[in-house]
Structure formats: structure tokens, C-alpha cells
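Chemist: Put chain B on the given structure of chain A with help from the hints.
Just so you know, the protein sequences line up as chains A and B, in that order.
Heads up, the first sequence is in our numbering, so the first residue is 1 and it goes up one at a time.
Heads up, the second sequence is in our numbering, so the first residue is 1001 and it goes up one at a time.
The hints are simulated quantities; they were obtained by calculation from the structure and are not laboratory data.
Hints are all accurate, no fakes.
Computed cross-link-like contacts, SDA-like style, restricted to lysine to any residue with a CA-CA straight-line distance of at most 20 Å:
| no. | chain 1 | residue 1 | chain 2 | residue 2 |
| --- | --- | --- | --- | --- |
| 1 | A | LYS74 | A | TYR60 |
| 2 | A | LYS104 | B | PRO1051 |
| 3 | A | LYS44 | A | ASN5 |
| 4 | B | LYS1065 | A | ASP93 |
| 5 | B | LYS1119 | B | ALA1162 |
| 6 | B | LYS1064 | A | ASN91 |
| 7 | A | LYS119 | A | GLN56 |
| 8 | B | LYS1119 | A | ASP93 |
| 9 | B | LYS1097 | A | GLU63 |
| 10 | A | LYS97 | B | MET1053 |
| 11 | B | LYS1104 | B | GLY1087 |
| 12 | A | LYS104 | B | MET1053 |
| 13 | A | LYS104 | B | LYS1104 |
| 14 | A | LYS97 | B | LYS1119 |
| 15 | B | LYS1074 | A | ASN91 |
| 16 | A | LYS104 | B | SER1052 |
Number of protein chains: 2
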Amino acid sequence: MTSGNNNVLVYGGKGALGSALVAYLQKQQMRVVSVDIMPNEDCKDNVLVDPSMDLQPQGYDIEKKVGQVLGEEKLSAIYCVAGGWAGGNANDDDMLKNAELMIKQSLYTSLISARLAAKFLAPNGLVVLTGAKASLGGTSFMMGYGATKAAVHQLTQSMAAANNGLPENTTTLAIAPVTLDTPMNRKFMADADFTTWTSLEFVCELLHEWSTAAADRPESGSIVQLITKDNETRCEV
Amino acid sequence: MTSGNNNVLVYGGKGALGSALVAYLQKQQMRVVSVDIMPNEDCKDNVLVDPSMDLQPQGYDIEKKVGQVLGEEKLSAIYCVAGGWAGGNANDDDMLKNAELMIKQSLYTSLISARLAAKFLAPNGLVVLTGAKASLGGTSFMMGYGATKAAVHQLTQSMAAANNGLPENTTTLAIAPVTLDTPMNRKFMADADFTTWTSLEFVCELLHEWSTAAADRPESGSIVQLITKDNETRCEV
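Bound-form chain A, shown alone (with noise of 0.2 Å):
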């Protein structure tokens, strides 16, 4: 390893978009720091999450197991990826466990990648984070995860504003997709049309090309839309 600049982290690097960009990333020949609560495999750094502890420590105790695993060396991208899905409206009897999930799954681990983005991204770096398009307007079949979500496009905003206490030329983005097609949403939605879900091949190309070519990245702050139809993707920002 000889620059920062072939380091990237992917957090969430165990779940099925995490797994697959893990994947794509290294075949790029990139060295790929996962960061989860299980371990990738196929992935020679891992950070371990204990997603039980409070926010701040949980983020201390990650920045700290980072800072090891990266020594000097600094990262040209950080994608955050980790999230999932738990639904209900305001009569549903689990919209709050649901709601306390997705705040720990998609908004903590979107902070936590804001900490590690001050601490370790290099200058002219990347953030990704993971929203949902759907969270543009109201959402109020799964209440906790469109807030959360929405709470995700704001942070974007933040950390593409002026005193964000990011390094130089900062590029933080938010993907908003529709559906992935993961395996996981192909087992509890059989019955969809897959041909308007977008392919983890899709986001991986994307989120490795925007991390490369500096100049063909949207504005930072921007959520960029993923819309798929016919099988073909289109972003909109």
C-alpha cells in the first residue's frame, strides 16, 4: 500500500450492497476497509461494530479500530451503505422498535461516517451515504424509516456546506434508490416488478466511478435519484 488514495471504506461492507461493492471495489484493486458488525470475508480489514453501544463511544470505538487499521495512510472514499428496512404506520404496534432501528442502522452509522470522514479522508475525498427516494415526500406505511431516511439527506446537506469540519474539497453525496435488487428484497416483495429495481452492479460502478473521476461527481450535497425502468438506470439530482 503506497497512497491513500487506493484506500477506500465501506460501511455496512457485510450487507448485500456492502458485500457486493467490498467485492467490486477490490477488483478495481482498491484496498477496502469493512466496517460492520460481522466480519467480510473476502475482506482483509475489518472493523467490528457493537451497534449496542450509545453513539458517541459506538463512533469512538470505530474511529479508534480505523485509525489502526489505516496508520498513516489516508482514504479517497468512504460509501456508507448500512441499513435496512422495518415498516409502520403511526397504529402499527412496532413502529417504534422499528423506527429505534432504522435511527441505528441508517442515521448513527450516516454520523458515524461524518466523524470518520473528519479523521481520515483525505483531501478531494468522497462520502456516500444511503438515502431513499422515497423519503422526498411522506412515507406513512414505515414512519421511523423515511424520517430516518429523510434525516440522511439532510446530514448530505450539512457536510456539503460551508464549516463542515471536513478536509479540503469534500464531496459528500446521498444515493436515494427506489428498490435495490438485493436477494433479500427478491424473497419478501416475489411478486414486484423487477425490471424498475436497480442493480448492486449499477450503484458499484457508480460509486466507484465518482470516487475516480473527481470531475464527474454531482455537486456535493446532492441526493441523487436512482431510477430504474426497463432495467436501465438513470440518476437525477
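Modeler: Here is chain B on its own, set in the frame of chain A:
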């Protein structure tokens, strides 16, 4: 107490805005239930919160206690004015701690308010959540606060959408103030221009008016900005 129409709940009834609101509503002959960490001594019905609990058990605990206070009665309005302020950008060592506090003070309380509405609000009732005008854009110097308030805004939209699990014809609104004229804000921003701060009296009158004059309510789901200039406040949707 003979009619549910006279019962309202103030979540955060011991805070600066909450205390003013409890006093104002009681002067209008409303029966007020205060929900807060500390009792509001001016209020007969106090429901105490244990903020150290996880979201779901915390919600259940509050639901149970509110049910005990109300008996068979319903509420005509739920005002969630709980919250606080703590800042920090990505490079601030306390950002995560402050973000978690904001999530618990503003988002947990708003989500629990949605549950309380599902359980205890009468038809044609009102829910008011507390957002922040700043969160309509990025807020780099208060990342956790801004993200949390954006989540509250989106929850407001979810609670106005179809299939929200709320009683018939519920109106859900968020107020989005800039700065409220509270003793704490006077203390910590002593050099600020107070003529741009919104008086608690204005907010109390507005919130009471929305509950009594349903026709004057903005459309459900609205984020109502409170813009004050030369000590005059106007609402902008």
C-alpha cells in the same frame, strides 16, 4: 371533564415553550396533560418520562400512563414541543453525543407523539410537531440537530399521507421556527437581534387557534415557518 374536545396534551410541558403553552391553554379553560421528564407544577395531570428507556418501551410506558389519566376521554390536540439544542460539525468531538441527544429529545418524542395520536386523538384532531426552519437546508455547525429536525419534518408529511394509522381527519403540522425568544436563548445569545426572534405568546396563540378553528389550519403535512421581523411574526407554508 365532560368532553374530549377540551383535552389537550403538551409533550415537553416543562420546557420553555411547553410551560408557556400549558399556562396559555389552561387560561383558555383547556384540560392539559403535561408529558415531560419533570412535572409541571402548574398542571394537574403530569405524565413522567424516563428518557433512558429504549424507544419502544418508553413509548409503551407513556401510552399506559396517558391512558390512565384520560380514562375513556380523547384528546383534541397533541402538541409536541419537546426538544433542545446542541451543535457540532463533523470535526467536533461532541457531535455524536449531541446528535444522540437531539434524536432522543426531538425525534423520539415526535415518534411517540404519533403513537399517542393513534391511540388517544379524537377524530378531526390536531398534532403539532416542532421542526426548524434551518433544516430546510444544510446545517453544518449543528449536524445532529439539523438532521433530526429534518426527520421531524418528514414524519409530519408521513402523518398527513394516506394510511397513516391515525384517527379520521387528523391534521398534522410542524412549526419551523428560527429562534424562539426564551430565557435560555437570551442567556446564550445575548448579543443577538431579538426583534427577529419569535415570542412564545405568538406560538401559543397560533397553536391554540389551530386546535379550536379547524378551518384555519394549514393543509395537513405543512411545515409552517415562523418568520419574525421587527417583532412581527408571519407564517409561511
